[in-house]
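A.B. asks: Chains as they are written, first to last, in full-length UniProt numbering: chain U, 1 to 302; chain W, 1 to 434.
Among the clues, some could well be false.
[As the list claims (entries may be wrong)] Facing chain W, a subset of chain U residues (Cβ under 10 Å, in silico):
id, residue
1, I82
2, S91
3, D114
4, D121
5, S123
6, N125
7, I126
8, F129
9, A130
10, K208
11, G212
12, R213
13, P219
14, F245
15, P247
It should be emphasised that the hints constitute simulated quantities derived from the structure, not laboratory data. Even for Gly, the Cβ is constructed at its ideal location relative to N, Cα and C.
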Amino acid sequence: MTSKSDGSSFYTMGVDSGSLTGKAVIIDGNRRIVSHSVKQLGFVSQKAVMMAIDEALEKAGLVLDDIAYTVSTGYGRKRLEIAGKNLTEISCHAKGANYLYPEVKTVIDIGGQDSKVIAVDPSGNIKNFAMNDKCAAGTGQFLEVLARALDVELTEIGELSLQSDADIKISSMCTTFAESEVISLVAEGHSTVDILSGMHKAISGRMKGLVGRVGMQSPVMMTGGGAKNIGLVKALEKTLGVSIFIPEEPQIIGALGAALFANDFATGIRKKVEEEQDLDKSRAPAKDCGSCSVQNYQLNKN
Amino acid sequence: MAVQEAKRANRLKSGKLVNKLVNEYWEDLINAKKTGKKVVYTTGLPIGPFMAAQDMAWIHGEGYGARVAARHEEKEPQTFAENKGFNRELCSYARTQMGCAMFAELGVPDDLNPGPIATEIPAPDAIVTCYPGCSTGPQWDWAIERVFGKKIPWFNVVIPYHMGRNGSTYMKGEEFEENVKYVVRQFEDLIKFLEVVSGKPFNWDKFQELMGVTKKVGKLRMEAMELCKAKPAPASFFDWSIQIAPVNYLTAWPGTVEAMQAVKDEVQERLDNGVSAVPNEKYRIFWEGIMNWNKLGWMADKFASYDATVVAGRYTHMAFWHEPDTIDPEHPLRGIAINHLECQLNLGYPITEERMMTLSKDYSIDGIVFHGARTCRSFSRSHFLLAENLNKKMGIQSTSFEGDMVDDSFYKEELVNTRIEALIESLEAQKSRG
């Protein structure tokens, strides 16, 4: 494809193949978000990823060939063949958060399988980070399992938990044991809203430990599906003693960061190609070559 | 950022010499009863020379578990032990050896098909426990004793923590000196115990000779590892993990001096010729945590793919005759006690942190990988604190993941990949900031 000088027809894409959802973000050459999509089907679902990509392309009025470069992130990042590079969610969330809120210093991401805290520098690079060591305790999966056990829709648990003023303690953060503990609390007659509130407090306590390892600095942003849970956000704000900035669509921040990295790579490649062209032009007189595709930036998508 | 292509670690060729020694040791062990030798089960620290002096064979429980795992025969004994009530969350070394011991004592059940190494373990004539920093070890030997009907003589050497009380620091202070004396007294009693089990007076001449060998091997290993302070490092933590056997259960085994000399020579040769352990070393990593024996090659290649050399580790660099100069072969008990008391698992937090900071400085460490072994929490008890303090005091970033020593069911590959790649990306960002 050709590139307009204003950058509006130069597109890159970020794809976040997460443990529970697939996300895609397309940005233009001016690094403006053109479209995005979030799809949920199953664990690290390739189908969800492809659906998210298709929807993002459709919303932008583009086809895959219009995308100059793609970067993938998330657990399934290495399985996406159209990606030129893959990066971890840590780098991508830092980059995406910095783009939306350049002053941000700490990012808390509660995703499907992982929870992480990232200290971000002014350029959007990682300064330090901490993650849960392995198990899904305190993650989106943890909340999904417990919501199911309580027969509540995942999207409702945040608002419901805010109705509670009880102080229920859930001591186990292991998803399996916590499920047993919740069953025990239900059997003891505690209300659903009180148990949900207890769950959010338990997760906040665990996140405080991760935040402590990185060293919290304000402003703080929360990303990932967990940020859509207002009960969890409020519990975290109380536990950490700070206000937390929530972006309009917290689930796409990783994909947004990946799209920004894709733009960096593509711009770098484009610059290199242009420099090489300039060098070639200075070395030899231009020849008429009908099949030459020098002006078409065929960026490596593999 | 993390590279996409696979690269191979350039492992030391001389590392293979260890295999020959291990095979000789193993042949000697499985034939021990036939040649009239008594067999002693040991766990914890390397105390082989005590038994070797009395011409007795010994099985080191962890070394044995690691060998079974390295041959990928660990699943069957672990399953058998679990079926007999030894929970999956218990030390995987112990579960592996327990399963093997039960194969030997109870026979192999029809539904299991263990490999040859897992079924060759001879029954014990005595048990000697010598565990630092772990309460599971003595209970493991207690369970072994019960498997064999409580008829096995058992001696437990208690290695007290070196907490760092009243200003006592690494190899210094009143607490340290008291602990050394306490352990030496126990070694004197151990010698009396072994005289009874073997039915002959302790052979001090042979013991002193073996401790002379131990000192030489320990010194060669430490000198070879120190050559890796160079950038790029000529060998890696994964090479040093292979070299644990000659300073652990093969301590003072015939041929260990020559094998370790060959290793040191190869490292020196690489250094002279600019050959590195990782083809394009960009990052230098410290491995904090016990080794994962069935993932050695996998891990070595993984870090090589990221242009990262794991140059040092607490497991390799802070134990296994790591203070060879303290050993006086004429009067060896004090030197043995010092090496065992000041090993990686037995130090209080302030001393551990100080030792890690020293190693991180000496080996120019960029980042730390904390491997939390699921079934060895005694090793990972200070990980979060170490991560926080080494970052605060030295600006070293880290990542942590959960795995295990010899139970690979605790690994989830992509979870490990993400955490290591995130560290590499973070280090790259740090370098770009300057």
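A.B. asks: The structure should be examined with respect to each hint, and the outcome stated for every one.
C.D. replies: The hints, checked one at a time:
| no. | hint | result |
| --- | --- | --- |
| 1 | I82 | violated (14 Å) |
| 2 | S91 | holds (5 Å) |
| 3 | D114 | holds (7 Å) |
| 4 | D121 | holds (7 Å) |
| 5 | S123 | holds (8 Å) |
| 6 | N125 | holds (4 Å) |
| 7 | I126 | holds (4 Å) |
| 8 | F129 | holds (6 Å) |
| 9 | A130 | holds (8 Å) |
| 10 | K208 | violated (13 Å) |
| 11 | G212 | holds (7 Å) |
| 12 | R213 | holds (5 Å) |
| 13 | P219 | violated (20 Å) |
| 14 | F245 | violated (22 Å) |
| 15 | P247 | violated (21 Å) |
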